[in-house]
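Using the sequences and the hints given, assemble the complete structure.
Below are the chains, spelled out letter by letter.
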Amino acid sequence: MTSTRWPRSVYGTGTEPDPRFSLANERTFLAWIRTSLALLAVAAAVDALPLGIGPTAQVVLAAVLALTGLLAAVHAWRGWARAEAAMRQDLPLPGNAAGMVVVVGVALAGVVLLVATLLRAAS
Amino acid sequence: MSEPTPWRDPGLQQERTVLAWRRTGLALVIGSLTVGRLTMDTLGAAGLVPAVITAVLAAWVVGATLRGGRSAIAHPDEPTFDRVLRDGRVPAVVAVAAGTVAVVELAAAGMRIATL
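So the sequence lines, in the order shown, correspond to chains A and B.
For the first sequence, full-length UniProt numbering begins at 1 and goes up steadily by one.
For the second sequence, full-length UniProt numbering begins at 1 and goes up steadily by one.
Please keep in mind that the hints were generated in silico from the structure rather than gathered at the bench.
Quick caveat, the model's predicted, so the values are computed rather than measured.
What you were told as hints is all true, and nothing was included just to trick you.
Partial list, derived from the structure: chain A residues whose beta carbon lies under 7 Å from chain B:
no., residue
1, 56
2, 59
3, 62
4, 76
Even glycine gets a Cβ: it sits at the ideal position worked out from N, Cα and C.
Here it is as structure tokens:
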């Protein structure tokens with residue numbers, strides 16, 4: 001069983017951590033997936049519903065949110081694999097610098113929405 | 001780990017993890033179908049097909065969390081729910097599924113930008 005576990009980059013080395021920590025790592029992964037899905041749901045809604053900020057602003061907003069959702073899904077997997085590998089090798093857990101990408105994406109979406117709303121109000 | 005003593009986990013880690021998988025699976029079913037439906041007028045079947053495949057995979061994940069009444073309180077070494085999950089395969093599938101939904105939505109937004 002152990003030899004067939006995938007991916008090898010995670011399970012190829014080290015020793016089995018406390019199962020509770022592996023489960024906690026899995027839940028962190030799942031929380032990132034749900035974050036990604038939340039961003040994608042908002043992106044789809046923004047793309048579909050009229051917001052009164054103009055079609056260009058809306059589609060740019062949707063694209064920013066969808067791209068952030070994609071990066072969150074990528075980070076979910078990478079973060080899980082790196083944390084699991086670190087626990088197996090008894091190394092410190094990797095930092096969460098990649099999570100910054102989501103912060104930047106959401107902030108960017110906020111700026112787009114704010115600017116579009118202000119421009120609409122001014123005209 | 002000498003004798004098979006009854007498993008006791010005051011933190012209910014296993015149960016919380018099963019529930020986390022379940023709500024993520026449900027969110028993925030709803031999310032993928034919603035994105036598939038909302039991008040239908042832009043992408044048509046090109047967006048709907050990956051959305052439905054993703055929804056089916058997510059439904060399988062939800063089903064796996066429901067299978068076997070004891071799975072939620074199983075010992076981590078017992079061959080139940082966690083035998084499927086104590087490995088990177090299911091997380092990889094779920095991450096790819098979420099990524100697929102993102103790509104569908106990005107494609108729809110891209111199409112709209114192209115036709116502005």
